[in-house]
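Colleague: So the chains spell out like this:
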Amino acid sequence: MVTARDFLGRDVLTVGEFRRDELLFLLDAADKFERVTGTLLAGRVVATLFFEPSTRTRLSFESAVGRLGGSCIGFAEAGISSMAKGETVADTVRVVQGYCDLLLLRHPKEGTARLAAEFADIPVVNCGDGAHQHPTQTFVDLYTIRRECGRIDGLKIVFAGDLRYGRAVHSLVHVLTQFKAHVTLVAPDFLRLPQEQLRALDEMGVEYREMEDLEAAVPEADVLYMTRVQQERFTDPHEYLKFRDAYTLDLKILRRAKPEIVILHPLPRVTEIATEVDNHPHAAYFRQAHYGVAVRKALIALLLGHAEKVL
Amino acid sequence: MVTARDFLGRDVLTVGEFRRDELLFLLDAADKFERVTGTLLAGRVVATLFFEPSTRTRLSFESAVGRLGGSCIGFAEAGISSMAKGETVADTVRVVQGYCDLLLLRHPKEGTARLAAEFADIPVVNCGDGAHQHPTQTFVDLYTIRRECGRIDGLKIVFAGDLRYGRAVHSLVHVLTQFKAHVTLVAPDFLRLPQEQLRALDEMGVEYREMEDLEAAVPEADVLYMTRVQQERFTDPHEYLKFRDAYTLDLKILRRAKPEIVILHPLPRVTEIATEVDNHPHAAYFRQAHYGVAVRKALIALLLGHAEKVL
Amino acid sequence: MVTARDFLGRDVLTVGEFRRDELLFLLDAADKFERVTGTLLAGRVVATLFFEPSTRTRLSFESAVGRLGGSCIGFAEAGISSMAKGETVADTVRVVQGYCDLLLLRHPKEGTARLAAEFADIPVVNCGDGAHQHPTQTFVDLYTIRRECGRIDGLKIVFAGDLRYGRAVHSLVHVLTQFKAHVTLVAPDFLRLPQEQLRALDEMGVEYREMEDLEAAVPEADVLYMTRVQQERFTDPHEYLKFRDAYTLDLKILRRAKPEIVILHPLPRVTEIATEVDNHPHAAYFRQAHYGVAVRKALIALLLGHAEKVL
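Residue numbers (the working numbering), protein chains in the order written: chain F, 1 to 311; chain L, 1 to 311; chain P, 1 to 311.
Don't read these hints as lab results, they were simulated from the structure. No residue lacks a Cβ here, since even glycine has one placed at the ideal position from N, Cα and C. Check the hints yourself; a few may be wrong.
No more than 27 Å apart at the CA atoms, straight line, and that leaves these computed lysine-lysine pairs for DSSO-like [what the hints assert, rightly or not]: (1) K242(L) to K242(F); (2) K242(P) to K85(F); (3) K32(L) to K242(L); (4) K156(P) to K242(L); (5) K258(P) to K156(P).
Simulated coverage check for chain L against chain P, where a stretch passes if three residues somewhere in it have a Cβ under 8 Å from a Cβ of chain P [stated by the list, open to error]: (6) 29–41; (7) 227–237; (8) 255–269.
To give an idea of the chain P side of the interface with chain L (calculated C-beta under 8 Å), a few residues [what the hints assert, rightly or not]: (9) E34; (10) V36; (11) G38; (12) A42; (13) S71; (14) G74; (15) F75; (16) A78; (17) K85; (18) G86; (19) E87; (20) V89; (21) R94; (22) C100; (23) F190.
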């Protein structure tokens with residue numbers, strides 16, 4: 001049986017490290033933490049080392065810490081850090097871990113969070129390492145699906161957009177294999193899910209479908225997970241422009257969908273969801289962002305050993 | 001009669017939304033909050049979305065939150081935000097409002113705060129939207145005038161400098177109409193108060209004078225409100241250079257003033273007040289900045305429903 | 001006898017202002033504060049005015065404040081401040097001191113901290129003013145030496161690298177004169193300790209040796225204090241490249257050292273200590289960074305009059 005102890009002092013680097021029962025434990029904890037505020041984390045310090053800007057992830061983590069009465073230190077972009085003086089990430093991590101109880105790290109380069117975890121004696125949470133992983137986004141996505149749909153198991157989930165560079169998709173697709181979800185992958189050929197990930201799905205015996213046509217995929221979806229084509233991942237701006245508007249979800253397309261379809265997006269969105277969709281009763285992407293605070297409150301409290309008073 | 005309840009959950013977008021008795025209630029509350037520190041706001045989170053840099057406003061708000069034991073999240077310039085990824089302000093607001101209890105917004109574009117308020121379910125405080133409005137600056141100015149002069153009603157108040165782009169002036173002139181103050185507007189022709197604002201004064205039957213000569217305006221002033229010619233509002237640097245040094249208040253000019261004249265400035269100042277003036281007993285511009293913390297403590301506590309314990 | 005009162009409200013501008021017994025009092029206080037966390041500083045606000053980026057100093061101060069339950073406000077680089085609008089440092093200081101209880105200031109220009117202290121009614125801590133002084137770094141260095149070696153008096157301390165621009169070295173060499181330490185200065189001719197500092201050592205009757213060869217200096221060292229050649233202090237990039245790799249401490253060189261040699265570095269390091277040295281049992285430079293939190297907790301609490309509960 002999973003207990004709060006299983007999270008104490010743990011690194012959070014990839015979703016693959018978390019078993020189904022651990023994920024469900026975390027989602028249950030998030031439910032309980034949603035309304036908790038106060039001084040649970042008084043005197044505890046969390047460092048946000050963001051070598052790449054982020055509004056959502058950084059602010060929702062900082063909100064989680066603030067709601068529980070802890071403090072944040074850190075930087076929001078590489079320019080302010082000692083990197084400018086030639087310091088390696090490993091050294092920055094070794095220094096900053098001595099200032100705090102928990103390291104939250106975002107870095108453009110894949111594998112940086114794991115490197116950090118090797119050098120840190122305190123827990124490290126990967127808040128995005130390039131196109132690789134962003135596990136707490138996946139926890140939030142799972143929480144949102146369960147909360148909006150009432151369950152995760154057996155749902156039909158359609159992913160659309162940039163499945164090549166979108167780490168939110170990579171992680172969520174991976175973890176959904178633990179929930180017997182039916183996955184449909186909608187992307188132009190250039191932006192398909194990477195071969196190694198498709199192979200991994202095959203090896204796990206997971207059934208999935210690949211399509212190019214969003215309209216054809218929508219009718220059977222319980223959940224539609226839209227993603228932004230991320231300009232910052234393209235080296236060639238022409239490639240970016242070619243694919244930027246590959247899909248735009250609007251009310252016309254949604255007329256073909258089940259009435260209870262739940263629409264998610266890791267945000268920020270640009271053109272891939274028309275603003276007219278925002279008032280759809282199951283347009284859940286802003287709620288999805290908000291749930292992030294509850295999930296991160298629970299996660300931080302668990303990693304630091306302060307959750308038991310609440311659970 | 002005004003009570004704390006009248007402020008609960010309210011947006012603060014323009015000074016025009018506040019009646020005289022509400023303004024006086026806020027000033028009284030600021031008096032009471034001046035020395036309050038502690039944990040009144042423990043677990044409450046305030047977001048500072050500053051799409052344009054600001055030292056004074058942002059830091060005095062953050063100080064107010066810190067003095068009362070709350071937490072701040074946010075960003076201090078647009079570059080760190082999701083704007084760089086193409087997100088609209090409306091989306092940023094919809095996301096961040098789920099992370100906090102109060103949104104403090106500064107943006108170079110007029111009307112952004114109102115837009116934000118439409119999309120947010122929590123109170124929004126306009127911390128400056130272009131050359132338009134900056135209501136808490138006005139609250140601080142009013143507080144300073146009352147505290148330094150003992151009253152506001154019937155004072156002779158001279159504004160000098162950039163009255164065209166100076167939003168602090170626009171707001172304060174507007175609100176002074178509720179206090180029967182006598183307003184003199186001193187500016188070179190190019191930097192006069194905008195026509196629409198002059199018309200508004202006319203329509204309200206407010207008497208005002210316009211002048212170009214600071215020395216001629218000083219002798220009758222109870223309050224002299226100097227302003228900086230704001231380089232960032234000019235598109236043509238030559239225009240800026242032409243007007244930058246339009247007025248410089250020095251001790252020589254002040255020799256013509258009443259001994260009790262109170263000198264204000266929203267700061268930062270560049271050349272428009274000579275540093276020799278700083279030691280004038282009624283050079284109140286640094287105190288004016290400091291009073292901002294008390295006023296903002298009171299305002300935040302009122303908007304969030306935590307003021308009653310203090311009032 | 002030194003008491004906590006001797007620190008109350010005091011500026012910390014240069015190490016020279018602190019007597020031996022005061023320094024020892026501070027180090028003892030740091031020992032006691034190391035494990036203290038909580039709400040000692042609830043409602044207290046500390047401003048970090050960093051006109052020049054810094055990871056280590058800023059984050060360790062912010063950690064110290066957070067551990068004790070206070071709040072930080074401020075900026076991490078000049079671009080976000082009102083300097084961009086033409087405000088002088090003096091004005092920024094006069095404004096911000098009204099928002100907080102303590103000013104932490106870093107500025108590229110020598111003497112800025114003293115200037116700030118003249119304009120502030122609250123304590124100012126110099127967190128580095130150009131190549132001049134960085135007294136809290138020196139407190140941390142002293143604390144580290146005492147903790148790692150058990151004492152300071154009479155130790156043989158070798159400084160190597162950029163002794164010309166390295167303010168950490170300047171300050172520490174100065175203060176070691178109070179502890180009868182034996183100082184060896186290892187630098188290429190261009191990066192020697194400045195003449196005025198050498199003269200000061202002469203005038204105080206302090207014995208020191210100057211050398212160019214690191215290997216020759218190592219065998220007798222109890223403490224080896226390595227420094228980075230700071231690119232940001234050079235105006236000519238060719239000069240920088242010439243000296244960047246002047247010394248690289250590696251295990252081969254350390255084979256000539258006493259087994260108990262303690263290796264320090266103010267960090268960040270670039271190439272001057274090979275990473276293979278990191279696992280040396282007395283490679284203390286990361287611990288040195290971590291001790292900074294304890295020392296700064298003690299210092300802040302002392303300056304603000306909150307230390308007596310702990311001491």
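Colleague: With reference to the structure, classify each hint as holding or not holding.
Modeller: To see whether the hints hold, each was checked on the structure:
In summary, the hint linking K242(L) to K242(F) is not supported, as the alpha carbons are separated by about 47 Å, beyond the 27 Å threshold. For the given pair, K242(P) sits about 17 Å from K85(F) by alpha-carbon distance, which is consistent with the 27 Å threshold. A distance of roughly 45 Å separates the Cα atoms of K32(L) and K242(L); the hinted pair therefore is violated under the 27 Å criterion. Between K156(P) and K242(L) the CA atoms are separated by roughly 63 Å; this puts the pair beyond 27 Å, and the hint is violated.
Between K258(P) and K156(P), the direct Cα distance comes to roughly 11 Å. Compliance with the 27 Å bound is thereby established for this hinted pair. With 3 residues having a beta carbon nearer than 8 Å to a beta carbon of chain P, the segment 29–41 of chain L meets the requirement of three or more and the stated coverage holds. For a cut-off of 8 Å, the count of residues in the segment 227–237 of chain L with a CB near a CB of chain P stands at 4, and the three-residue condition holds. Under the rule that three or more residues need a Cβ within less than 8 Å of chain P, the assignment of the segment 255–269 of chain L holds, with 3 such residues.
Taking 8 Å as the C-beta cut-off, the interface hint given for E34(P) is violated, the closest approach to chain L being about 24 Å. Interface hint status for V36(P): violated, as the beta-carbon distance to the closest one in chain L is roughly 18 Å, over 8 Å. The restraint placing G38(P) at the interface with chain L is violated, with a minimum CB-CB distance near 12 Å, outside the 8 Å limit. Evaluation of the A42(P) hint against chain L yields a held restraint, the C-beta minimum of about 6 Å falling below 8 Å.
Contact between S71(P) and chain L, as hinted, is supported at the beta carbon level, the nearest pair being about 3 Å apart and thus within 8 Å. Because the beta carbon of G74(P) sits about 7 Å from the nearest beta carbon in chain L, less than 8 Å, this interface hint is met. Below 8 Å, beta-carbon pairs count as interface contacts, and F75(P) has one with chain L at about 7 Å; its hint therefore holds. The closest approach between the C-beta of A78(P) and any C-beta of chain L is roughly 10 Å, which is over the 8 Å cut-off, so the hint fails.
Taking 8 Å as the C-beta contact cut-off toward chain L, the hint placing K85(P) at the interface holds, the least distance being around 5 Å. Because the smallest distance between the Cβ of G86(P) and any Cβ of chain L comes to about 4 Å, under 8 Å, the interface hint for this residue holds. For E87(P), the suggested interface contact is upheld, since its CB lies about 4 Å from the closest CB of chain L, less than 8 Å. The criterion of a C-beta within 8 Å of any C-beta in chain L is not met by V89(P), whose closest approach is roughly 11 Å, and the hint is violated.
Nearest Cβ of chain L to the Cβ of R94(P): about 5 Å, under the 8 Å cut. The hint holds. Against a cut-off of 8 Å between C-beta atoms, the interface hint on C100(P) holds, since the closest Cβ of chain L lies about 6 Å away. For F190(P), the suggested interface contact is broken, since its CB lies about 38 Å from the closest CB of chain L, more than 8 Å.
In this structure, the hints that do not hold are numbers 1, 3, 4, 9, 10, 11, 16, 20, 23, in rising order.
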